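Take the sequences, apply the hints, and build the full model.
From first to last, the protein sequence lines stand for chains L and E. Numbering of the first sequence is given in the working numbering, commencing with residue 49 and proceeding in unit increments. Numbering of the second sequence is given in the working numbering, commencing with residue 223 and proceeding in unit increments.
Hint data in this document are derived by calculation from the structure and do not stem from the laboratory. As the structure is a prediction and not an experimental result, all values here were calculated from the model. Quick reminder that beta carbons are idealized off the backbone N, C-alpha and C, glycines included. Worth double-checking, as some hints may not be accurate.
Simulated crosslink set (SDA-like; lysine to any residue; CA at most 20 Å straight-line) [stated by the list, open to error]:
no., chain 1, residue 1, chain 2, residue 2
1, L, Lys187, E, Phe318
2, E, Lys492, E, Ile441
3, L, Lys187, E, Leu320
4, L, Lys59, E, Gly257
5, L, Lys187, E, Lys492
6, L, Lys187, L, Trp86
What the simulated footprint calls covered on chain E by chain L, stretch by stretch (three residues with Cβ under 8 Å from a Cβ of chain L suffice, anywhere in the stretch; the number is not a length) [as the list claims (entries may be wrong)]:
no., region
7, 289-302
8, 328-336
9, 343-354
10, 455-462
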Amino acid sequence: MAIKLIENYAKNLVLTVQDYSLFAARAFSNLYRPPIYWPEFLIQADIIGFGSLSIVVLSGLSTGGVLALQSAATLSAFGATAVTGQFVSLTMIRELGPVLTGVMVSGRNASSMASELGSMVVTEQIDAMRALGVDPLRKLVTPRIAASITMLFFLTIVADACGIAGGGLVTVFMNHQNGTQYLDMAWEHLRYADIIQGLVKPLFFGYILGSIGCFYGMRTSGGTQGVGRSTIQAVVWASVLIIFVDFLLTQVLLRLFPPL
Amino acid sequence: MNPRDTFAQPGHDNPPPSDGSPVVAFRNVSIAFDGPPVLDDISFSVAPGETRILLGPAGVGKSVLLKLVNGLLRPDEGSIELFGQEIAGMPEEQLFALRTRTGMVFQEGALFDSLTVRDNVAFQLIQERVPDDAIDLRVRDALRFVELGETFDLYPASLSGGMRRRVAIARALIHQPELLLYDSPTGGLDPLTSTTIIELIVKERDVYQTPSLLVTHRIQDALILCNHRFDVEQGRMVPLPKGQTDPGTTFLMLEEGRLIFDGSLHELVKSQNPFVREFLE
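Encoded structure:
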């Protein structure tokens with residue numbers, strides 16, 4: 049009985065991975081084949097980008113502040129509080145900025161995509177679209193994925209800037225250190241390789257959150273209860289995949305851009 | 223109300239077969255979803271100008287059959303021809319083009335919540351980049367056909383169930399379909415609203431003669447469709463003389479995934495099949 053359950057679970061997992069791979073590949077290939085629905089892309093870019101701005105600014109400021117607080121406490125033991133700026137900027141730009149933004153935005157938007165598309169599936173709106181001769185993958189999914197990739201890139205830059213600013217505020221007003229020194233250290237030790245690392249990651253994370261949100265939305269079944277289930281699965285899997293892919297990407301990027 | 227409005231002028235590049243060959247032909251079609259077959263060895267056809275009413279209680283596979291007609295679902299076995307083309311194995315990209323020649327009215331209307339009535343009805347025209355002025359004209363005509371001209375700027379959420387079905391009918395008609403598919407268009411509606419919807423279907427049938435396949439579990443709707451015609455001069459549905467039925471309206475009946483009846487109303491009421499008798503009674 050238990051073995052049968054494990055076998056079924058494993059089969060379902062493999063089938064889901066296969067379905068997701070086909071779905072994601074088709075959605076991605078649609079980016080390069082007409083028709084491209086630009087109005088839908090702009091609407092989604094507004095919802096994902098501008099709509100997520102406040103949470104990205106707030107989480108960026110708080111994370112930078114916490115980093116400055118924690119690092120100053122540890123670094124003071126070695127008399128190295130002067131490098132707080134370097135620590136905060138490198139951590140934000142290379143790692144926390146992209147990952148934090150990816151997870152925050154997936155919490156907001158992967159869930160929204162899954163529930164919106166899921167509701168359309170259970171009310172037959174997706175079937176109606178197909179019956180009217182329009183490919184829902186092109187009309188609904190591809191613009192969402194493209195907007196996720198584009199806007200996560202810019203939101204990560206905002207999060208990085210806010211994180212460094214948050215760290216600076218804590219350094220000046222709570223740790224009572226020199227603000228100029230903080231900014232000098234944050235800037236001087238930054239290399240192009242760090243920035244490239246930090247800006248490559250959101251491209252992958254945007255693709256993950258967009259495709260996972262749409263994938264779970266489009267395979268919704270079981271009425272309104274199914275919509276809730278899809279929403280949870282989308283958020284959980286998007287967040288887990290972002291963190292897992294970050295681990296893989298970091299290894300690749302560290303090989304391509306080895307630390308000095 | 224003028225039934226011959228501009229939205230319904232014929233104008234397709236690919237007219238339906240005019241040689242009398244069926245618009246839809248099912249041959250030994252079966253489909254299952256993780257269990258016993260939902261439809262088993264189904265064969266029937268829809269001729270040009272014919273209205274076929276698919277009867278059966280809830281859960282016998284009527285909606286599944288309807289979705290097979292325009293390729294929204296794929297059969298496990300058998301062959302399905304739509305406008306003379308085999309669609310059972312046709313790639314989805316090719317099916318999109320073929321589906322634009324059909325109109326489908328879904329059970330609950332399936333209107334797009336985020337779009338106004340105008341944009342819902344004009345959905346196909348907007349995709350084809352028809353100029354806005356022409357779209358407005360055709361949408362107003364289509365809404366006038368279903369007697370809902372005043373809903374042009376409203377959102378589906380502010381419409382009643384019956385109004386949503388009528389908007390769905392307008393959306394299905396605006397592209398001058400060569401085949402209409404109705405999935406329980408009166409399901410869940412009160413008798414008065416149901417009659418309004420059936421009157422629209424009779425009007426469509428008698429004015430444009432579009433072949434159609436209508437799924438319903440309500441025998442009273444099927445009988446109204448069979449016993450009435452649309453009088454263009456009076457602008458309303460009128461009963462046919464006693465004993466007469468519409469010759470182009472015929473019946474199919476499903477029982478647990480199998481087609482147990484295919485024929486006219488006269489043959490249906492004379493049928494000795496116990497399931498048919500029980501359903502009619």
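These are the hints, each one checked on the structure:
no.	hint	result
1	Lys187(L) - Phe318(E)	holds, 13 Å
2	Lys492(E) - Ile441(E)	holds, 15 Å
3	Lys187(L) - Leu320(E)	holds, 18 Å
4	Lys59(L) - Gly257(E)	holds, 17 Å
5	Lys187(L) - Lys492(E)	violated, 50 Å
6	Lys187(L) - Trp86(L)	holds, 10 Å
7	289-302	holds (count 3)
8	328-336	holds (count 7)
9	343-354	holds (count 3)
10	455-462	violated (count 0)
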